[in-house]
Amino acid sequence: MTPQAKHGLSVEPTHDEYALQTYVSALRMYTLQEIGSGLRGVYESRVKPDFEQDKGRAPKDEHEVRRAMMADPYCRTWSSMMRSAQEMIWDSVIPSIERAQPELNARANPAPGTNTKGSLTLDPSIEVPRYVTASDIHLMPGSYYTERAENDVSQGALYDRGVYVYAGGHGGPYCDTIGRSLTKYLKIRFPDFAPAKVLDVGCTVAQNTVPFAQEYPDAEVHAIDVSAPVLRYAHGRAESLGEALHLHQMDAEAMAFEDNSFDLVASTITFHETSRTAMRNILKECHRVLKPGGLMIHMELPRTADMDPFDAFYIDWDAYYNNEPFYQAFTSTNMKEVITGAGFADDEYVEVTMPDYYSVPEDEFHAAAIKADQRPHRKGRMGEGIHWTGWGAWKKG
Amino acid sequence: MSEGIKITPVNRGKRPAFFDDPAIDQLMAIVMAMSAEMSVLYDRVDTIERLLDTKGTLSRDDIEAYRPDQGVEDERNGRRNDYISRLFRIIREERETLVAHDKMDEYNALMDELAKS
Numbered sequence: 001m002t003p004q005a006k007h008g009l010s011v012e013p014t015h016d017e018y019a020l021q022t023y024v025s026a027l028r029m030y031t032l033q034e035i036g037s038g039l040r041g042v043y044e045s046r047v048k049p050d051f052e053q054d055k056g057r058a059p060k061d062e063h064e065v066r067r068a069m070m071a072d073p074y075c076r077t078w079s080s081m082m083r084s085a086q087e088m089i090w091d092s093v094i095p096s097i098e099r100a101q102p103e104l105n106a107r108a109n110p111a112p113g114t115n116t117k118g119s120l121t122l123d124p125s126i127e128v129p130r131y132v133t134a135s136d137i138h139l140m141p142g143s144y145y146t147e148r149a150e151n152d153v154s155q156g157a158l159y160d161r162g163v164y165v166y167a168g169g170h171g172g173p174y175c176d177t178i179g180r181s182l183t184k185y186l187k188i189r190f191p192d193f194a195p196a197k198v199l200d201v202g203c204t205v206a207q208n209t210v211p212f213a214q215e216y217p218d219a220e221v222h223a224i225d226v227s228a229p230v231l232r233y234a235h236g237r238a239e240s241l242g243e244a245l246h247l248h249q250m251d252a253e254a255m256a257f258e259d260n261s262f263d264l265v266a267s268t269i270t271f272h273e274t275s276r277t278a279m280r281n282i283l284k285e286c287h288r289v290l291k292p293g294g295l296m297i298h299m300e301l302p303r304t305a306d307m308d309p310f311d312a313f314y315i316d317w318d319a320y321y322n323n324e325p326f327y328q329a330f331t332s333t334n335m336k337e338v339i340t341g342a343g344f345a346d347d348e349y350v351e352v353t354m355p356d357y358y359s360v361p362e363d364e365f366h367a368a369a370i371k372a373d374q375r376p377h378r379k380g381r382m383g384e385g386i387h388w389t390g391w392g393a394w395k396k397g
Numbered sequence: 001m002s003e004g005i006k007i008t009p010v011n012r013g014k015r016p017a018f019f020d021d022p023a024i025d026q027l028m029a030i031v032m033a034m035s036a037e038m039s040v041l042y043d044r045v046d047t048i049e050r051l052l053d054t055k056g057t058l059s060r061d062d063i064e065a066y067r068p069d070q071g072v073e074d075e076r077n078g079r080r081n082d083y084i085s086r087l088f089r090i091i092r093e094e095r096e097t098l099v100a101h102d103k104m105d106e107y108n109a110l111m112d113e114l115a116k117s
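Residue numbers (this note's numbering), protein chains in the order written: chain V, 1 to 397; chain H, 1 to 117.
So here's chain V without its partners, still in its complex pose (with noise of 0.2 Å):
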């Protein structure tokens, strides 16, 4: 695991626990990539042609493929190994988080009359939707939104220390890889596309937002979510970096900005946390407060529906053994169909593929953006030659 860069909200380890976070870390990433490049092949040689046999014919589809994969020792040992690494990633963070606070409370909420460059509005008011609270999102103890302090930024700071040992670095420094995708393929695919405002919608702890504050200097960048305890610690983080970004605690399926208010509305891997309801919802939103001629982009997961069987089981084994109750449906969703229910045209529909940009070089990443690869990828976890998907479209000017 490559260091991550500090900010002012950053935790310090202590010398064994930063030994720990590395270890679990590289511990993933063995399991993930080592040993999980034994499914295909368990897959081949036993699972499908056992199912041939039974069945005489092939997996029709995921559902299929996992019920029958999950009956093979080798995938089970697999799966009790993915599911222990990633338990293992929050409690090599806990501690550290525990000690840190309340000190980093007070560090993240600076006193009344401080001049920030940017803005933190809380609204007590918003009510965490049930998809956030039904389950631990990707298994983080107390998920976005537990407070367990006043003003307590502890989920935020667990988070972002998960987040960055769950990557290994892959990330970037920051975290901020696909913020940073997309800024950068938009800067080379779109280069007269110069947004002046943009809203990140269900921006965490505005790891991806800051790329949009830097790479678009003069954007009066905004974001929302619906937990205050990361909010706060987006704001304290983005204010130690000196970025200035305008967060609201606000519900995407009922957002307070005005029609038109914007020149660019994205997100970060948003959606597939979201239900199906909830999708369409904010989908309608961000077409209501999106400029005519402005651009909706939302970076997301490979659809499944572009993959063959195994392969869908595979990106969608998070779904049912990671807490990530709403990535199938996701993934298995045509983005078209919900994008122009939303409102948007369907000749102005959006849909790309590009790397990751700290995975590449500068060169293939810019041939790449400039032919605007709409090549489904097939490998969807961090550490694997990752790619990113975009779906959005314009709205008419």
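Each hint should be verified, as a subset may be incorrect.
Unchecked claim - In the DSS-like style, the derived pairs of lysine-lysine whose C-alpha atoms are separated by at most 30 Å in a straight line are: (1) V:Lys117 with V:Lys291; (2) H:Lys55 with V:Lys6; (3) V:Lys396 with V:Lys371; (4) V:Lys55 with V:Lys197; (5) V:Lys60 with V:Lys48; (6) V:Lys117 with V:Lys60; (7) H:Lys14 with V:Lys48; (8) H:Lys6 with V:Lys6; (9) H:Lys14 with V:Lys60; (10) V:Lys117 with V:Lys197; (11) V:Lys117 with V:Lys184.
As the list claims (entries may be wrong) - Quick list of simulated restraints, FRET-style, between CB atoms: (12) H:Thr8 with V:Glu215: 45 to 53 Å; (13) V:Lys6 with H:Met38: 26 to 34 Å; (14) V:Asp363 with H:Pro22: 47 to 55 Å; (15) V:Lys6 with H:Arg86: 29 to 37 Å; (16) V:Lys55 with H:Glu75: 14 to 22 Å; (17) H:Met38 with V:Ser261: 50 to 58 Å; (18) V:Asp363 with H:Ala33: 42 to 50 Å; (19) V:Asp61 with H:Asp53: 54 to 62 Å; (20) H:Ile90 with V:Arg99: 36 to 44 Å; (21) V:Tyr349 with H:Val72: 44 to 52 Å.
If you are wondering where the hints come from, they were derived from the structure by calculation, not from laboratory data. From the three backbone atoms N, C-alpha and C, an ideal C-beta is built for every residue, glycine too.
The hints should help you fit chain H onto chain V, whose structure is shown.
Same frame as chain V, but now just chain H:
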């Protein structure tokens, strides 16, 4: 200023059992955790050795304050991966017989070729 907090390390949602006997899942989790403790201990010994190499003496504070630079971290990462590979040898051995069937590398090579053309 508020008092310290306690984050209970459990998550909301049922834990899946991957094996028919859930005790095997529990054992797997224990083995994974034990492997981590051993790695932490190794890093601590490594820190002690490095400090002794450079200073000839050390205190507990020296150990706590020590942070590996990128070179040391790369060395440790290499050692960790070798260690994991030895520890999970039994699974790696099966994987060796399975990757012969894996078409993923072939697929990716083809896709990379197409992307460049």
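Structure-based check of all given hints:
1. V:Lys117 with V:Lys291: holds, 25 Å
2. H:Lys55 with V:Lys6: Holds, at roughly 28 Å.
3. V:Lys396 with V:Lys371: With a Cα-Cα distance of about 23 Å, the restraint between Lys396 (chain V) and Lys371 (chain V) holds, given a limit of 30 Å.
4. V:Lys55 with V:Lys197: It is violated: about 56 Å lies between the C-alpha atoms, which goes past 30 Å.
5. V:Lys60 with V:Lys48: Given pair Lys60 (chain V), Lys48 (chain V) holds - Cα atoms ~11 Å apart, limit 30 Å.
6. V:Lys117 with V:Lys60: violated, 54 Å
7. H:Lys14 with V:Lys48: Given pair Lys14 (chain H), Lys48 (chain V) holds - Cα atoms ~29 Å apart, limit 30 Å.
8. H:Lys6 with V:Lys6: holds, 24 Å
9. H:Lys14 with V:Lys60: holds, 28 Å
10. V:Lys117 with V:Lys197: It holds: about 16 Å lies between the C-alpha atoms, which stays within 30 Å.
11. V:Lys117 with V:Lys184: holds, 24 Å
12. H:Thr8 with V:Glu215: 45 to 53 Å: Once the Cβ atoms are compared, 39 Å apart, the range 45 to 53 Å for Glu215 (chain V) and Thr8 (chain H) is violated.
13. V:Lys6 with H:Met38: 26 to 34 Å: Hint holds: Cβ distance 29 Å, inside 26 to 34 Å.
14. V:Asp363 with H:Pro22: 47 to 55 Å: Taking Cβ atoms as reference, Asp363 (chain V) and Pro22 (chain H) lie about 51 Å apart, which means the hint holds.
15. V:Lys6 with H:Arg86: 29 to 37 Å: holds, 34 Å
16. V:Lys55 with H:Glu75: 14 to 22 Å: violated, 51 Å
17. H:Met38 with V:Ser261: 50 to 58 Å: holds, 55 Å
18. V:Asp363 with H:Ala33: 42 to 50 Å: holds, 44 Å
19. V:Asp61 with H:Asp53: 54 to 62 Å: holds, 58 Å
20. H:Ile90 with V:Arg99: 36 to 44 Å: Holds: the Cβ-Cβ distance is about 38 Å, inside 36 to 44 Å.
21. V:Tyr349 with H:Val72: 44 to 52 Å: holds, 50 Å
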